[in-house]
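Q: Given only the sequences and the hints, what does the whole structure look like? Please build it.
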Amino acid sequence: MMEQLKAWAKQLKRQVFVLYYAYRDKRSPWYAKLFSMCVVAYAFSPIDLIPDFIPVIGYADDLVLIPLGVLAAIKMMPGEVIEDAKKKADARMNQGKPVNWAAGVLIILLWAAVLAAVLTYLYNRLK
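-11 is the number of the first residue of the sequence shown in the working numbering; add one for each residue after it.
Errors might be hidden in some of the hints.
[To be verified] In the DSSO-like style, the derived pairs of lysine-lysine whose C-alpha atoms are separated by at most 27 Å in a straight line are: (1) 1 with 14; (2) 76 with -6; (3) 115 with -2.
In case anyone wonders, no lab produced these hints; they're calculated from the structure.
A: Below, the structure is given as structure tokens:
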């Protein structure tokens, strides 16, 4: 069971790298590029939208959102773009995972905005 999970995780990581190279390809449609950029940025972000310490749903993004996003983005890309991206991804996989701090900052700002909205609501409600 554990070996299957490790193989699945490695395959998912490879698919994220494939998307990274696919959205940079000039032959990719703009909508597929935009969606793929979002998926890749989120996958490489050091910060999760739903923090992992939240019971049950904390890992939902890793187990559901990223695989669904990858699947949808790959379906949007032309086949020849994906094939070329797979070759580049296989070469890149040996170098480790890049970290996208821009996406991490965006997620922090999103959580800060949600927290500010909740605090403002509570402050006005309790006045």
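Q: Confirm or reject each hint.
A: Do the hints match the structure? See the list:
1. Simply put, residue 1 and residue 14 have alpha-carbon atoms about 23 Å apart, close enough for the 27 Å limit, and the pair holds.
2. Simply put, residue 76 and residue -6 have alpha-carbon atoms about 22 Å apart, close enough for the 27 Å limit, and the pair holds.
3. Restraint check for residue 115 and residue -2: the C-alpha separation of about 52 Å exceeds 27 Å, so the hint is violated.
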